Every structure is written in structure tokens, then in C-alpha cells.
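So the protein sequences, as listed, match chains A and B. Letter by letter, the first sequence follows residues 1 to 281 in the numbering used here. Letter by letter, the second sequence follows residues 282 to 785 in the numbering used here.
Worth flagging that the hints you see were computed from the coordinates, not collected in a lab. Just so it is clear, the structure is predicted and the values come from calculations on it, not from any experiment. Note that beta-carbon positions come from the ideal geometry of N, C-alpha and C, so glycine has one too. A portion of the hints provided could be inaccurate.
Claimed, not checked - Which residues of chain B face chain A? A few of them, derived with a C-beta cut under 8 Å, are:
1) 300
2) 594
3) 718
4) 719
5) 741
6) 759
7) 762
Unchecked claim - The list that follows gives simulated cross-link-like pairs (lysine-lysine, DSS-like), each with its CA atoms no further than 30 Å apart:
8) B/420 / B/442
9) A/45 / B/717
10) A/222 / B/376
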Amino acid sequence: MKKNKLILQIPKHIIIWIFLIFTFFPVAWTISASIRAGGGLVGQKLIPENITLEHYSNLKDIGFFNWIKNSLIVSVTTAILTVFFVSLAAYAFSKFDFWGKKYSLLTLLILQMFPAIMGMVAVYLLLYHLGKYIPFLGLNTLSGLIMVYLGGGIPYNIWLMKGFFDSIPDSLEESALIDGATRFQAYYKIILPLSTPILSVVAITSFIGTYSDFLLASIVLKDPSKYTFAVGLRNFISGMYDVRWGDFAAASILGALPIVIMFLALQNLIVSGLTRGAVKE
Amino acid sequence: MDLYKTIFPILYSIIIVVIGIFFSYIIGNVAGIIWGLIFFLVTFFFSLLILHPKTYPWRYIVPAFLLMFIFMIYPIIYTIQIAFTNYGTGHILTKSQVIEQLEKETYLPQNTQNYEYAIYENGNKIKILLKDSSGNIYKIDNKKLILIVKENFPSEFEGYKIVPREKKFSKISLLQNLKFELEDNSFLQLSDLNHFSLYKQRYVYIPEEDVIIDRLTNERLIPKGGFFTRPNGEKLIPGFVEFVGMENFLRLIKDDRVSKPFLRVFLWTIFWAAGTTLLNFTVGLFLALLMNDKNLKFKGIYRTLLIVPWAIPAFISLLIWVGLLNTEVGVVNRILFSLFGIKIPWFLETTWARVALFVVNLWLGYPYAMTVCLGALQSIPEELYESAKVDGASYFQQLRSITLPLLLTAIGPLLVGTFAFNFNNFNVIYLLTAGKPPMSDISTVAGTTDILISYTYKLAFEGGRGQDYGLAATISIIVFIIIATISIFNFWISGMFKREVRYE
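Chain A with its partners taken away, still in its complex shape:
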């Protein structure tokens, strides 16, 4: 009986292996291209004949580190500020009853249906005009881009975080208030430390979402020195596959690795955050 079951499982393993091959097909070819002598797509073999690290040492010349620097500035700032603004608002929505609460929550629920990209024309023109008065919020600035990401992520994340705050019993806060703490101290010293899981989920998903965004960054950033990784990499390889494949592969691997490691290491946390009725592919 037991043996029978094990034999039954062999087809399962075979099917899963087929999918693993499909999954790792592009990964393997990219790794191979990144360590293969010669730069183009032509004649690439899965196991490279001559191994070299020149593509990795080329990265400095193609501006890779500048892209990554810009991406990190934008993503880290967006993540931190999102957590800051969202946690304050979510706290109020979760722990208070006040005038306007119901309709504000409803508004947020409706707003979070609209991805920021649908307003891209207006975002572009808004930044264009803003820049004439406030240069650091204009087109072609990282700070302007950060503001757009920040504004777009607020509605969904308030709902997400409010859900978590709701699950923290009020009694904890009440005892602190009886001891003479102010509401803000209660938020800061009781609620926030208890909420590290959801704070990390919001921070990490904002970080990854911002790091991976191509569309808004490509609209806002025009000057190559301001490019984020997504825009820089696209412009670097677009139409140049036959000569830049090796350098591109090296950049892809170095640029993706931190995100992949972060995602896999924290997969339970992230997946629970993302699949809470959410969609991301």
C-alpha cells in the first residue's frame, strides 16, 4: 500500500520538474550569459565555453550603480514615508470614532481601485506645472517621483494596516491611558511595537513595488543621470540585444538578487500581505 503511494507520486514529481525547468529556463540562460566571454546573443550555449567576470566589471561603466542608487533613494524613502503617514492615519481609523470616519473609509475603498497609472497623463502634466513653482517636485526629479508613489499607495495601505490594528485589543491601550500616557504616546509606545509584522509588510511591499515600477519612472525621469534601475536597464538594452546581452545579464542578476533574496526569505510575510485579497503578478 505504502509502496503504491510512492509510485503514484513519481508522475507528480515529473510534472513539477517540467515546471521547474520552465521556471528556471530564463534564469539559467541569464546567469550563463553573464559569465560568458563575448557580449551578444549569437551562439550562446547554456554552459559557456569561456568563463569571465568582465560583464560584472563593466557594470560601473554603463551607469548601473547610479541606477541602483537612484532606485534605492526612491524606494527606501517611499517605503519609510508610506509607513509613517499610513500608520498614523490607520491608527485613527482603527481606534477612534469620529465625525467623517465612515465616508472617509468608503472613499479610500473606492480610491484604492484606481492604480496610479490610470492618471498618468495628469500626473505628468501636474509635475510639469508644479516644477515651475517648486523645482524639486517637478518632472525629472526623484522627489517628485517619490510623491507620486506615496500618494498612490496610501488608500490601500491604510485599509491593510487598519485591519491589523483592529486585531490589537483596546485593553492594552486603555491601561496605558490610565497610567497617564497621551493618545500619541499610546500609539507610539504600545501600538507600533505590537504591529511590526504589518509595518514590515507595508514597508517591504512598498519598497518592492516602487523598485519594480517602470511606467511612472519612465514618464517622470528624462535625464539619464536620474534614471532608476528599471528605466536605465530598459533604455540600455532596448534594440541592443545583439551586443549588450552579456552586460545586461550581469546587471539583471545583480539588480534582481537582493529583491529575490528578500522575497524568498520573507515569503510567508510578504505572501500573506499580498494575497490578502490582493493581486500581484
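Here the structure of chain A is known, so what remains is to put chain B in place on it, guided by the hints.
Then chain B, alone, in the frame of chain A:
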């Protein structure tokens, strides 16, 4: 402590009001006074909420809402506004800006007064003296010509020295930009190398009649189609942004050059979103059923490995796939050629480009579908299967009457959400095929694999014949409406407030 409690809210609300005034001013300038006023009232209202003790919790909310207001809600409103205008290449300035620009233009009337001139300089600064045909020499002061001497230019004037004749022409480039306004609305400008002449303002705007008079030709120019237009139909450049009513929406239906590509893009968008969602969830469910087995060895490792495409930022994988699918030298075609002797024109033919999109988006999307299905499968109570076994139900009977119905109720809203996501999946389309191949029979920016959102992007930012923000915003609104309908439907099937949809 009490002092702090009163001062803090006051300070806080003052800051909000200051920010409000600042942005209202800008928005008022950009979008019109009404919008500036609305924005100011909103921030003023926020500051009242901060001040009032009973609405104290708003102190926590206002910063987030203010950001959301400027960078999310306002763009949505602005999009709607743009959709009813002709905003785009050739129509960038507002009407008053265009009038202001036109009113600066001058013309040379017949029988005008010509003046010889001499240049005087003092360091970097220069002055001009003028001589009319009867030999009177004038200086220009306070919009008036003032007679100073007769016959000959003095060698020195108010501390400035005359520039000798042979050096005079090296200053010409400076003189060309000079324009002296005189009292009677005429201008002194350089007319040839040796003369300044009296120019007249060419275009005069008459607000009461909303026309521009061309004083050179004596024509009345009326605003039409975003341009001031002469009686013979000639348009004056630049054009201005103008309210065009429903015209952009009508173009989507009536104007063949717009409606044909729009309809095709629209149908493909729906086919794409439905097809790719179904494919991904079918494969994801299949894998989840395989993996949902306590006795399966290496289950944890398999799950982690299969999730890898989800972990890689999509734009990187997409750019890699473009290389792998290269028709001539890509790895995929080389393998296919050595195995079957075929080369597939992945991005050159519509059908194959679409197959490539489905396959690559399967690669990107099945880990999510699998994870979601696995979660739903594990939440189905074990007892249901046990009692089914007691009743003698086979594996497929259990699948059909227990697993699938329960699974569908659990993942139904997610299916709809994924459909909405793919409906707007700009990255996959734009980075993989960029909408190509082009539509061969129509002249348009849209390609045969473009979806609405990438078509919008191209109209607004890539138009070969200029940018059409108005039309792009119009299509955005249609996308808004579709997504909103889907989302409301989704709330309805999942129960309002029970789930939160979408990740960005």
C-alpha cells in the same frame, strides 16, 4: 503641558493652511481659479478639523489625506478635465497666454517714421540716440522721444561714449533684441542695419467680442478649433487649450482614424485579460492540486523554487524574455530549430506575439495563482473528504463536488481582481512587445498587441505626430469606468468590506 496642548494644534493647523495656500495658488494657476479655491477650502477644512477638540483624530489623518489629495485625487480630477479639452501638441498654452504672446507681435506700417541711430556705450551698458529725416536728434526717455540736439550725433552723451562707425555692426546682435515701447502703443525696433523704425502692435484682442484684430490686414480672427482663425481659414500659431465638450469621446466612435484602432485595442484588451487570467489560474490550480499532498516529498523546496518568478521584479524578467525570444538569434528559436527545424517569428506576427505574451505572462503569473489556490485548498475542511470517502466517492467525484465549488467561492474575487490587474498590465505589453507588430492597414500609434493602457501611454508620450493628451485622458476615463465596474462587481460577490482588493 497644557500650553503645549493648545499651541500644538494651532501651529499644526497654521502649517496646513500655509501649505494649502501655496498649493492652491499653483493649482489655481494651472487648472483655473475654481480648482485653486476648492483646494484651499479643503485644506482650510482640514485645519479646522485639526483645531476642534472633538475631531481630534483627524490630526492623525490629515497628512496622509493631503498627500493623497494632491498626488492621487487631483490627477484623477485633472484627467477628467483634460478629456474634455484639445490639450496636446500645438495646444499647450492657455488662451490668455496665447493672446499675451500674440499681442507682443509687431508690424511695420507703410510710411512709417525711420530713424538713423548711434550707439553709446559705458562699460557693458549701451544707449541709443536717434536722428529723424530732418536732422533732429532724440533720446528715448519714459516712453517718449525727447529732442536733445540737431544735425550731428554728439560724441559723448550722459557719460556714455559714442561707438565709432566701424565698430557699430559688431553690436547688431544686441540691437536686434531691443524693443522700445512708446506712448501711443508703437514700438521702436531695428528695421535694417542703419535704421530704427516705428512699429505698431499687430494683433489686438477685443475681450467684448472675443476676436483678435490683425491691424496689418484688417482681418478679424475668431477663435475656432483651438486656434485664432482668419476669415480664409488660415490658423494662427500657437493654438490654445480649449474646452471641446464630448469631441474626444465622439472621435472614439466616429473618427475612423481613432475609432478603428480603439475598437481593436479594446477587444484585444478584454480577450487578453480574460485569457491570461484563465490560463494562469488553470495552471496554478493544477499545480496546487499536485502540491496539496501531505506525503509529497520536497514539497517545501518545490514551493519555494516555483515561486521564484514572482520574486524577480517583472521588468527584469520581461526584458530577459525579449532576448530569449529574439527571432534570429534567440535561445528559444535556436532550440526549436535544432529540435523541429522551425523558427517562430515571435514579435513579427500578431498571432505569435500574442502567444508569446500569454506564455510569458504565465511564467510571471502562475506562482501567484498557485499560492492562492494552495491557500484556498488547505482551508477546505478535511472532514468533507473523509465523509465523501465513506460514501465511496472517487477522487474526481470529490474534486467536482467538493474541491472546485469551495475553491471557486474562495478565489472568485481574486479571479476578478487578477482580470482587472491584467486589464491594465502595462509592463508585460509594453516591455515585451511594445504593442508590436503595427496595424498594417491603419495609420495609428497602436499596434496589434497594444492594450488600452499602453495605447494611452503611446498617445500621450510617444505619438509620432505629436502628443494628444486629450484623447489619452479620454481613454483613461473609459479604463476608469471599466475598472470601477469590475471592482464594484467584485465587492458585490465578495461581500462589501470583507476583502480588500488590489496590490500595487
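Next on the checklist: Tell me the numbers of any earlier hints that the structure contravenes, in ascending order.
Outcome noted: 1, 3, 4, 6, 7
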